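Chemist: Residues per chain, in single letters:
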Amino acid sequence: MKGGDATRPWGRWLVIGIPLVWLTLFFLLPFGIVLKISLSQGALAIPPFQPWFGMEDQWLNATLANFRFLLTDNLYAAAYLNSLKIAAVATFACLLMGFPLALGIARAAPRWQAVLLLLVIVPSWTSFLIRVYAWMGILGNTGVINTLLLWLGLIDQPVVMLRTDFAVYVGIVYAYLPFMVLPLYATLVRIEPALLEAAADLGAGPATVFLRIVLPLAAGGILAGCMLVFIPAIGEFVIPELLGGADTLMIGKVLWQEFFNNRAWPLASAVAVVLLGLLLAPLWLFHHQQARSMALHR
Amino acid sequence: MSADEGFLSLRALARSFDGVGAVAHVDLDVARSEVFALLGPSGCGKSTLLRMLAGLERIDAGSIRLDGEVLNDQPAHKRPVNMMFQAYALFPHLSVADNVAFGLRQMGMNATRIRARVEEMLELVRMSDHAARRPHQLSGGQQQRVALARSLAREPKLLLLDEPMAALDRQLRVQMQRELREILRSIQITCVLVTHDRDEAMTMADRIGLMQAGRLVQVGPPEEVYDRPRTRFAAAFLGQVNLLEGVAESAERIRLAGRLLPTRGAVPGVLTTVAVRPEAIELHLSAPAHGQALEGTVRGAEYMGAHRVLEVAVAGLPQLAVIIAGSAQKTPPVGSAVWLDWWADDAVVLEPDT
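Listed in order, the protein sequences are those of chains V and B. Heads up, the final residue of the first sequence is numbered 298 in our numbering, and it's a clean run with no missing numbers. Heads up, the final residue of the second sequence is numbered 652 in our numbering, and it's a clean run with no missing numbers.
Bear in mind the hints are in silico, worked out from the structure with no lab data behind them. This one's a predicted model, so the numbers in the text were calculated from it and none came from an experiment. Mixed in with the good hints, there may be bad ones.
[What the hints assert, rightly or not] Below are the SDA-like pairs computed for lysine to any residue, each with C-alpha atoms no more than 25 Å apart in a straight line:
1. B:Lys376 x V:Pro193
2. B:Lys376 x V:Val214
3. V:Lys253 x V:Tyr174
4. B:Lys455 x B:Pro520
5. B:Lys376 x V:Leu95
6. V:Lys85 x V:Ile191
7. B:Lys455 x V:Leu195
8. B:Lys376 x V:Ile191
9. B:Lys455 x V:Pro216
10. B:Lys376 x V:Leu71
11. B:Lys455 x V:Pro206
12. B:Lys376 x V:Tyr174
13. B:Lys376 x V:Leu196
14. B:Lys376 x V:Phe210
15. B:Lys376 x V:Pro216
16. V:Lys85 x V:Leu95
17. B:Lys376 x V:Pro206
18. B:Lys376 x V:Arg107
19. B:Lys376 x V:Trp256
[Said to hold, decoys possible] Here are some of the chain B residues that sit facing chain V, going by a computed Cβ distance under 10 Å:
20. Phe305
21. Phe315
22. Gly317
23. Ala352
24. Leu388
25. His391
26. Gly401
Note that the Cβ used here is the ideal one computed from N, Cα and C, for glycine as well.
All chains should be modelled from the sequences, with the hints used to inform the complete structure.
Modeler: In C-alpha cells:
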C-alpha cells in the first residue's frame with residue numbers, strides 16, 4: 001500500500017514533468033531571450049545588439065525604443081492589419097470549404113470515413129515547401145490553369161494570378177484546410193443522428209435543423225478549426241513570400257526582412273513579441289470555449 | 299367501422315432493406331385515443347414500422363392514413379405526429395424549457411403562448427422546477443419526462459413511443475410505466491408504442507400487436523393475446539408456456555401421454571399442439587376421480603417469492619412447468635408423484651407458425 005502511494009506521484013511527475021521541461025527549455029526560455037532582445041538596443045556587432053549590462057556608464061541598457069519605433073512607422077501597423085485581414089478571410093474560406101467536406105465525411109459510411117480522412121491528410125506527407133512551389137506551377141502565367149484556358153480559347157492573355165493576394169489566399173486555404181476539416185469532423189461525427197431526426201420530427205425543416213442543431217453543436221469544432229487556421233496564418237511567411245507579390249504585406253515577411261535583410265534583431269524581436277500579444281486574445285477565447293465544451297460533455 | 303376505429307389505418311404497408319423485408323404487408327387499424335403496443339423481438343420490424351409512421355423511414359408500398367389524411371408523402375417535419383425517441387434525443391445545448399419549446403417555435407407560435415404551453419407541459423410531467431436545467435443535469439427518469447413533454451407540446455394527432463422504458467433501470471421502469479400510462483389516459487391521446495418487453499406492452503397498452511419477421515401475427519387486447527395465443531411464437535413470447543403435442547380424439551379431447559385431456563376447437567384425428575400456461579395447470583396430490591389427469595413426478599421447485607414454479611416430468615411429454623401459489627407446506631417434495639389437469643379453455647389449440 002505504502003509502496004503504491006510512494007510510486008504513483010513519481011509516475012505523475014514524470015508524465016507532467018517531461019513536457020514541462022521540454023516547453024520550458026524550448027519554448028519559454030527562447031521566448032525569454034526574444035523578449036530580452038526586443039528590449040535591447042541594436043548594434044553593429046555579433047550578435048547585433050548591445051548587452052543589457054554594458055561596460056559603459058549605463059548600468060542597464062534595456063529600452064522600449066524598438067516598440068516605440070513600431071508605432072512611428074506605418075509599415076508595421078499596416079502589415080499587422082493586413083495579416084489579420086488575410087488570415088481572417090482565409091480562415092472564413094477554409095470554414096466555408098471545410099464544413100461541407102467534414103459533414104460529408106462524418107455522414108459517409110463508417111468504412112469510408114477513415115479512407116476519406118486519410119485523403120485529407122495525405123498531402124501533408126509531402127514537404128510543405130514543395131506543395132507551395134507546386135502552386136507556382138499551377139497559378140503562373142505559363143502554368144496549368146492559364147495554359148488550359150488559352151488552349152480552350154477562353155482567354156487571349158494569361159490571367160495574372162501568381163504574385164497577387166489571390167495566390168496567397170489560395171495557398172493559405174490549401175495548406176490549412178486539413179486543420180479546419182479535422183476538428184470539424186471530430187465534432188460533427190459525434191452529433192447523434194437521433195438529434196437531427198428529433199428536430200425534424202418536431203417540425204424543423206432541413207435549414208432549421210442545420211442552423212438550430214448542427215451549427216450550435218459543432219460550435220466547438222468550428223472555433224477549434226478557425227483557431228488552428230487563423231493563428232498560424234497570421235504569422236505565415238513562406239506562402240506570401242513564394243506566391244504573393246512584392247506589395248503583399250504580411251507581418252511574417254516584415255519580420256524576416258528585419259531579421260535577415262536589415263539585421264535588426266531587436267526590432268524583429270519586438271515585432272514577434274507584439275504578434276504574440278495580438279494572438280493571446282483569440283487563444284484565450286479558444287481556451288475558454290474548450291473548457292466550456294468539456295464541462296458540457298462531462 | 300366508425301371513423302374513430304380507423305383513426306390511424308395502415309394498409310399493406312411494406313419496407314425492405316437491400317431486398318430483405320423489414321416490414322411486410324402490415325394492415326392495422328388503431329382507434330382514436332387508443333394506446334397500441336407493437337411488441338416483438340429485436341429485428342422483427344417494429345421499430346421500422348414506427349419510423350415509417352414518423353416519416354423517418356421511406357414507405358416502399360402501402361399507405362398510412364391518419365384522421366382521414368394520407369401521410370405517405372409527407373416529410374417528417376410536416377406530419378401531425380411526434381415521437382419520443384429511445385434514448386430521448388434531447389438537445390444537449392438547450393435547456394429543458396427550450397427543448398420543449400423547440401417544436402412550438404417551428405409552428406410560428408408567439409412567445410407568450412409558447413411560454414404558457416411550455417409551463418403547462420412541464421407541469422403535466424412534473425418538471426416545472428427543472429425548466430432551466432440542461433439535459434445532462436437530469437436523471438434518466440427526468441429526461442424521459444422532458445422528452446414526453448417535448449413530444450406532447452405540439453398536440454400531435456398521434457404520439458409515437460420508441461422503447462420508452464429501455465433507458466431506465468428496472469425499479470424506475472415500473473413507476474414510470476404507471477406515470478406514463480396515466481398521462482396518456484388523461485390527455486386521451488392516440489399512441490403507438492414499440493417495445494420488446496411483454497410486461498410493458500401488457501401494462502401500458504389497450505391492444506397489443508405482436509410482430510414476427512415483419513408481420514403482425516396477432517392483434518388484440520393483452521388478456522386475449524396472452525390467454526388465446528394463435529401460434530407457438532405468440533404463446534411463448536407473451537410468457538412462460540407448456541407446449542404439448544398430441545392427436546385430437548374429438549373437438550374437446552386431446553390424447554397426451556395416454557390420457558384424454560380437455561381442450562376446445564381441435565380437429566379430430568389431427569396432430570395438435572396445445573398451449574397451457576403454467577398457472578392454469580391444476581396440481582393434485584392424489585389421482586382425481588375422473589382418471590384422465592397426467593401423472594408425473596416433481597423434479598424441482600423454483601422459489602419466486604409470491605409463487606413457486608414446479609418442474610414436473612410426465613412420461614412421453616416434455617417437462618412441464620406448473621406455477622403454484624402458497625406456502626412451503628403445500629409444496630410437494632421433489633420426487634413425489636403428482637397429477638395434473640386443466641380446464642378446457644386453458645388448453646389453447648395453436649395454428650402452425652407461419
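Chemist: Hints first: check each against the structure and report whether it holds.
Modeler: Quick rundown of the hints versus the structure:
1. B:Lys376 x V:Pro193: Distance of about 19 Å is within 25 Å: holds.
2. B:Lys376 x V:Val214: With a Cα-Cα distance of about 20 Å, the restraint between Lys376 of chain B and Val214 of chain V holds, given a limit of 25 Å.
3. V:Lys253 x V:Tyr174: holds (19 Å)
4. B:Lys455 x B:Pro520: It holds: about 24 Å lies between the C-alpha atoms, which stays within 25 Å.
5. B:Lys376 x V:Leu95: Distance ~32 Å between Lys376 of chain B and Leu95 of chain V Cα, so the pair is violated.
6. V:Lys85 x V:Ile191: violated (32 Å)
7. B:Lys455 x V:Leu195: Within the cut-off at roughly 22 Å; holds.
8. B:Lys376 x V:Ile191: holds (23 Å)
9. B:Lys455 x V:Pro216: violated (30 Å)
10. B:Lys376 x V:Leu71: Roughly 61 Å separates the two Cα atoms, so the pair is violated.
11. B:Lys455 x V:Pro206: holds (23 Å)
12. B:Lys376 x V:Tyr174: At roughly 41 Å apart (the allowed maximum being 25 Å), Tyr174 of chain V and Lys376 of chain B break the hint.
13. B:Lys376 x V:Leu196: holds (15 Å)
14. B:Lys376 x V:Phe210: holds (17 Å)
15. B:Lys376 x V:Pro216: Holds - the C-alpha atoms of Pro216 of chain V and Lys376 of chain B are around 23 Å apart, at most 25 Å.
16. V:Lys85 x V:Leu95: holds (15 Å)
17. B:Lys376 x V:Pro206: Holds. Lys376 of chain B to Pro206 of chain V sits at ~12 Å (cutoff 25 Å).
18. B:Lys376 x V:Arg107: Roughly 24 Å separates the two Cα atoms, so the pair holds.
19. B:Lys376 x V:Trp256: Distance of about 60 Å is beyond 25 Å: violated.
20. Phe305: Where the cut-off is 10 Å and the nearest Cβ of chain V is about 20 Å from Phe305 of chain B, the hint is violated.
21. Phe315: Cβ of Phe315 of chain B sits 14 Å from chain V, so the hint is violated.
22. Gly317: violated (18 Å)
23. Ala352: Since the shortest Cβ distance to chain V is 6 Å, the answer is holds.
24. Leu388: Holds - the Cβ of Leu388 of chain B comes within 10 Å of chain V, reaching about 8 Å at its closest.
25. His391: Status holds, d = 5 Å.
26. Gly401: holds (3 Å)
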